[in-house]
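Given only the sequences and the hints, what does the whole structure look like? Please build it.
Number of protein chains: 2
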Amino acid sequence: MTAQLLDGNAVSAAIRAEVADEAAQLKATHGIVPGLATVLVGEDPASMTYVEMKQEQCRKAGMSAFERVLPEDVTQEGLEAAIAELNADPNVHGILVQLPLPDHLDEDRTLAAIALDKDVDGFHPTNVAKLALQDVEPAFAPCMPLGGIELLDRYGVEIHGKHAVVLGPSNIVGLPLALLLMNRGATLTVCHAHTADLPLLVRLGDIVVAAIDEPRMVKADWVKPGAAVIDVGWSRVKDETAKKGFRVVGNVDFDAVQEVAGYITPVPGGTGPMTIAMLLKNTLLSAKRHAGIE
Amino acid sequence: MTAQLLDGNAVSAAIRAEVADEAAQLKATHGIVPGLATVLVGEDPASMTYVEMKQEQCRKAGMSAFERVLPEDVTQEGLEAAIAELNADPNVHGILVQLPLPDHLDEDRTLAAIALDKDVDGFHPTNVAKLALQDVEPAFAPCMPLGGIELLDRYGVEIHGKHAVVLGPSNIVGLPLALLLMNRGATLTVCHAHTADLPLLVRLGDIVVAAIDEPRMVKADWVKPGAAVIDVGWSRVKDETAKKGFRVVGNVDFDAVQEVAGYITPVPGGTGPMTIAMLLKNTLLSAKRHAGIE
Numbered sequence: 003m004t005a006q007l008l009d010g011n012a013v014s015a016a017i018r019a020e021v022a023d024e025a026a027q028l029k030a031t032h033g034i035v036p037g038l039a040t041v042l043v044g045e046d047p048a049s050m051t052y053v054e055m056k057q058e059q060c061r062k063a064g065m066s067a068f069e070r071v072l073p074e075d076v077t078q079e080g081l082e083a084a085i086a087e088l089n090a091d092p093n094v095h096g097i098l099v100q101l102p103l104p105d106h107l108d109e110d111r112t113l114a115a116i117a118l119d120k121d122v123d124g125f126h127p128t129n130v131a132k133l134a135l136q137d138v139e140p141a142f143a144p145c146m147p148l149g150g151i152e153l154l155d156r157y158g159v160e161i162h163g164k165h166a167v168v169l170g171p172s173n174i175v176g177l178p179l180a181l182l183l184m185n186r187g188a189t190l191t192v193c194h195a196h197t198a199d200l201p202l203l204v205r206l207g208d209i210v211v212a213a214i215d216e217p218r219m220v221k222a223d224w225v226k227p228g229a230a231v232i233d234v235g236w237s238r239v240k241d242e243t244a245k246k247g248f249r250v251v252g253n254v255d256f257d258a259v260q261e262v263a264g265y266i267t268p269v270p271g272g273t274g275p276m277t278i279a280m281l282l283k284n285t286l287l288s289a290k291r292h293a294g295i296e
Numbered sequence: 003m004t005a006q007l008l009d010g011n012a013v014s015a016a017i018r019a020e021v022a023d024e025a026a027q028l029k030a031t032h033g034i035v036p037g038l039a040t041v042l043v044g045e046d047p048a049s050m051t052y053v054e055m056k057q058e059q060c061r062k063a064g065m066s067a068f069e070r071v072l073p074e075d076v077t078q079e080g081l082e083a084a085i086a087e088l089n090a091d092p093n094v095h096g097i098l099v100q101l102p103l104p105d106h107l108d109e110d111r112t113l114a115a116i117a118l119d120k121d122v123d124g125f126h127p128t129n130v131a132k133l134a135l136q137d138v139e140p141a142f143a144p145c146m147p148l149g150g151i152e153l154l155d156r157y158g159v160e161i162h163g164k165h166a167v168v169l170g171p172s173n174i175v176g177l178p179l180a181l182l183l184m185n186r187g188a189t190l191t192v193c194h195a196h197t198a199d200l201p202l203l204v205r206l207g208d209i210v211v212a213a214i215d216e217p218r219m220v221k222a223d224w225v226k227p228g229a230a231v232i233d234v235g236w237s238r239v240k241d242e243t244a245k246k247g248f249r250v251v252g253n254v255d256f257d258a259v260q261e262v263a264g265y266i267t268p269v270p271g272g273t274g275p276m277t278i279a280m281l282l283k284n285t286l287l288s289a290k291r292h293a294g295i296e
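As they're listed, the protein sequences go chains X and H. Residue numbers for the first sequence follow this note's numbering, beginning at 3 and rising by one. Residue numbers for the second sequence follow this note's numbering, beginning at 3 and rising by one.
Keep in mind that the hints were calculated from the coordinates and are not lab data. Treat the hints with care, since some could be wrong.
For chains that are exact copies, the list does not tell them apart, and a pair is met inside one copy or across any two.
Said to hold, decoys possible - Below, computed lysine to any residue pairings styled on SDA-like, alpha-carbon distance capped at 25 Å:
(1) Lys-221 / Leu-202
(2) Lys-290 / Arg-111
(3) Lys-290 / Asp-110
(4) Lys-226 / Leu-206
Dropping the structure here:
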């Protein structure tokens, strides 16, 4: 048996097209153009690239992209003032502060300064709290975890009543994805790198999330036949046969696990491309809410 | 084998005595009397009783108890104004809004109005978010879940690297206790009432938390020999042999499970009495922090 690929490239392209359609419709019927503002402090090259990608995808979907670039030595007050302006700007429906921030800035305070109803990245403490709590919905959930759920939904993988096993409760991905799965009615097991009997526990999972930052850690005999495997890992490993001398792999031993699993995300091309697609989707959702037409 | 009782009556009495000692010392050395303010809206008899118990224990520990009783029809603004006054009052180190609130009031907004550093009940959204996230500490964790952890600690039950199984992720107890255990390095499984193979999963637990609101649901053959069992259930069941015609029982079939478990909380007398003790402890902690002597 070979697993069905959970194809993040194809699904994210479909979502971007849906968002573009809906954005065009929103403009035609209500004169509203959904707008995403990115806030970048300093000139970290990786952060600049991420922000640029988000801006570009935003424009491609027919949405407005606003950019605030602040100097490396901006004060906390200066950063919060920039956010306050965006909070008040009716053309801005989503605000994303690119992390990490320079050490002299307070990440908690900064995230809490974003208007809840524009927190499309889902890291405002009130949104995190609502993500954790049952029977309340956050205004927005974080984009990469949301992308994992969306992949399961698009391929018809049931969540309610299933057992989800999450390896690695990282604050950015593993933990929020675990909470999303739990709040969709999954029985949840969260494992750490130090967990004893890891293979035995992973084998309980109808859904397995590998977010443990160990290349190819999850082996074929750890996986229950037919399980859905979501790999959020991303590592470069040496590969003499590859043109660049390395290959990108995830936390799952893909070649072997795909023979056992029912569904599996490739790396690259799985959860990665879903992240920006969900950011666009959250921004569109916010624009519709602001117009009272959710 | 008969399990060691996790004796909430004895431990909570010890904690109350420790808090009273430390409060007396804080007064002698710094002239500070730790103060807890309770906010009660309306005249619900159960809520009035709970508030009265908290006030009484506070005074017994040599701490100040402040009381705000607001009319049933107080506006949201009125309630928040009362909280703002307590936030600003230097004699108040802890603020507890008794829940539930009447329907016309917004619980989320109300809890978020409490100063973070006086949120001794631990339900401010920023404290809930920090409870969920790894490697950050909430200012305060909720008292009943904290009481469960304290019982494990006082009896030397290790948490890190152990497997904790939580039945019922309720927002008030089960979920925060699950997050506390996970952030102490436990492998975590969270089960719902609808979880398949419940006995099998519970039997994986070195620590079992029963918070599922089903009298005596957890049976002896669900429990791994030697496990620590924390029962946060509380139900009245008919009992002709009892003087009042009923008995109070938990979610665990106590008589049978105590023959298998290594540690077990009785009901009553387990987690229940720990709650107010931890509230006093949080209030003392807050007073020390406000004085800069944590």
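Hint by hint, here is what the structure shows:
{"no.": "1", "hint": "Lys-221 / Leu-202", "in the structure": "both (11 Å within a copy, 24 Å between copies)"}
{"no.": "2", "hint": "Lys-290 / Arg-111", "in the structure": "between (27 Å within a copy, 24 Å between copies)"}
{"no.": "3", "hint": "Lys-290 / Asp-110", "in the structure": "between (28 Å within a copy, 23 Å between copies)"}
{"no.": "4", "hint": "Lys-226 / Leu-206", "in the structure": "both (7 Å within a copy, 18 Å between copies)"}
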